[in-house]
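Asker: Residue-level listing of the chains:
2 protein chains.
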Amino acid sequence: MTDKYPSALLEKAVSEFSKLPGIGRKSALRLVLYMLRREDEEVDAFGRAITTLKHEVKYCRVCHNISDTEVCPICSDVRRDDTTICVVENIQDVMAVEKTQQYNGLYHVLGGIISPMDGIGPNDIAVESLVERVKSGKIKEVILALSSTMEGDTTNFYISRKLAGFDVAVSVIARGISVGDELEYTDEVTLGRSIINRTPFKQ
Amino acid sequence: MTDKYPSALLEKAVSEFSKLPGIGRKSALRLVLYMLRREDEEVDAFGRAITTLKHEVKYCRVCHNISDTEVCPICSDVRRDDTTICVVENIQDVMAVEKTQQYNGLYHVLGGIISPMDGIGPNDIAVESLVERVKSGKIKEVILALSSTMEGDTTNFYISRKLAGFDVAVSVIARGISVGDELEYTDEVTLGRSIINRTPFKQ
Numbered sequence: 001m002t003d004k005y006p007s008a009l010l011e012k013a014v015s016e017f018s019k020l021p022g023i024g025r026k027s028a029l030r031l032v033l034y035m036l037r038r039e040d041e042e043v044d045a046f047g048r049a050i051t052t053l054k055h056e057v058k059y060c061r062v063c064h065n066i067s068d069t070e071v072c073p074i075c076s077d078v079r080r081d082d083t084t085i086c087v088v089e090n091i092q093d094v095m096a097v098e099k100t101q102q103y104n105g106l107y108h109v110l111g112g113i114i115s116p117m118d119g120i121g122p123n124d125i126a127v128e129s130l131v132e133r134v135k136s137g138k139i140k141e142v143i144l145a146l147s148s149t150m151e152g153d154t155t156n157f158y159i160s161r162k163l164a165g166f167d168v169a170v171s172v173i174a175r176g177i178s179v180g181d182e183l184e185y186t187d188e189v190t191l192g193r194s195i196i197n198r199t200p201f202k203q
Numbered sequence: 001m002t003d004k005y006p007s008a009l010l011e012k013a014v015s016e017f018s019k020l021p022g023i024g025r026k027s028a029l030r031l032v033l034y035m036l037r038r039e040d041e042e043v044d045a046f047g048r049a050i051t052t053l054k055h056e057v058k059y060c061r062v063c064h065n066i067s068d069t070e071v072c073p074i075c076s077d078v079r080r081d082d083t084t085i086c087v088v089e090n091i092q093d094v095m096a097v098e099k100t101q102q103y104n105g106l107y108h109v110l111g112g113i114i115s116p117m118d119g120i121g122p123n124d125i126a127v128e129s130l131v132e133r134v135k136s137g138k139i140k141e142v143i144l145a146l147s148s149t150m151e152g153d154t155t156n157f158y159i160s161r162k163l164a165g166f167d168v169a170v171s172v173i174a175r176g177i178s179v180g181d182e183l184e185y186t187d188e189v190t191l192g193r194s195i196i197n198r199t200p201f202k203q
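Residue numbers (the UniProt record's numbering), protein chains in the order written: chain F, 1 to 203; chain A, 1 to 203.
Check before you lean on any hint, since a few could be wrong.
Identical chains share a label here; the pair holds if one copy fits it or two copies do between them.
Stated by the list, open to error - Straight-line alpha carbon distances no greater than 16 Å define the calculated EDC-like cross-link-like pairs of lysine to aspartate or glutamate that follow:
1. 58 with 11
2. 12 with 93
3. 4 with 93
4. 4 with 181
5. 138 with 42
6. 140 with 153
7. 4 with 98
8. 99 with 167
9. 12 with 56
10. 138 with 167
11. 138 with 16
12. 140 with 167
13. 162 with 187
14. 162 with 132
15. 26 with 11
16. 58 with 70
It is worth saying that the hints were derived from the structure and are not from the lab.
Using the sequences and the accompanying hints, generate a full structural model.
Answerer: Printed below as a string of structure tokens:
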């Protein structure tokens, strides 16, 4: 049975909210009624933040990361190593790698990974512009940091082939057991990988 | 460690989203990035739906339910029994009762229940206007349909005292085991209530 809303404006707001991923009509109603209890200015600020972002957002013309400027702060930071590119699927992944504080090179945001099931082919992701960056000659290493899934593997394979003719090292991030994992509960594929990719023990 | 966002506009939109109840910064980022993938018009429609609702929303001057008109569709519906008022805490509760299709009277939305812990006293909820409605003389029954909590009980008690001087029946919704409940798993207070409030068996 569909809910009957006492107001068309309420109905409209709820249906807009429930279009968001992971938000059903019940949560949407809760969010909208929360909005109604807030001050006018707060609600306006909320609406404005979303529409302003949408209209004024830019993407770095070098790495395609989201940015307020033509070239993003990472690409224009002279203290960063501009001979290394870390290839990631999306903006969240840039943030995830940055958070580790273990990487000081540049990025390349593909905007997706090859997934025939979802109709995403090689031409739907930003591989050509990556090849162009490598072609410029300055890049020494490309690190593939994609998800450890079939789609990620496919994309890794495609990119590595595209870069095969250039004088650039192509590496993938290590796969193995997570820090804190207990062997007993690790799946066998991951454990197998971590044995094959074992590294010298450092004291 | 706080996340570092590549864009101030993104940061602003994420922080606005994460003010919503039950939405953390990670979900907020996911929602905002989803917005970025949608069309301009869709995002504008979203922003507009929220701000329009906030600016143009009205509350029925009779029952305080949310409404697009001065008097809500329920209060102005001549087919409804205007001698019975069902008292509820909020708008969601009106929708919940309506959904049962078991009630054909009017409503009165308190806008809260008495909760000293949350600083909500009798004067913060719409009891005076309920008394006024009863005073008008037309009302034969007031049904208290509040949550079965200490706050609900307190509010029931307060309202029933306020209405004590008037020629009106005051009832509360039945408390007992839920439809589909197994006795074995029902808490003893609820089960006790359902025995005390037993009703004649109808064949």
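Asker: If a hint holds in the structure, say so; if it doesn't, say that too.
Answerer: Right, here's what the structure says about each hint:
1. 58 with 11: between (33 Å within a copy, 14 Å between copies)
2. 12 with 93: neither (34 Å within a copy, 19 Å between copies)
3. 4 with 93: Answer is between; shortest inter-copy Cα gap is 12 Å, intra-copy 41 Å.
4. 4 with 181: Neither. Shortest intra-copy (49 Å) and inter-copy (27 Å) distances fail the 16 Å Cα cut-off.
5. 138 with 42: For residue 138 and residue 42, the Cα distance exceeds 16 Å both inside one copy (48 Å) and across copies (41 Å).
6. 140 with 153: Neither way: residue 140 and residue 153 sit 22 Å apart in one copy and 72 Å across, limit 16 Å.
7. 4 with 98: Cα proximity of residue 4 and residue 98: across copies only (8 Å, versus 47 Å in one copy).
8. 99 with 167: Neither: 30 Å inside a chain and 68 Å across chains, both beyond 16 Å.
9. 12 with 56: Close across copies (13 Å), not inside one copy (25 Å); limit 16 Å.
10. 138 with 167: Result: close within a single copy only, 10 Å intra versus 90 Å inter.
11. 138 with 16: neither (47 Å within a copy, 40 Å between copies)
12. 140 with 167: Result: close within a single copy only, 7 Å intra versus 89 Å inter.
13. 162 with 187: Answer is neither; intra-copy 32 Å and inter-copy 66 Å both fail.
14. 162 with 132: within (11 Å within a copy, 78 Å between copies)
15. 26 with 11: within (12 Å within a copy, 27 Å between copies)
16. 58 with 70: within (7 Å within a copy, 45 Å between copies)
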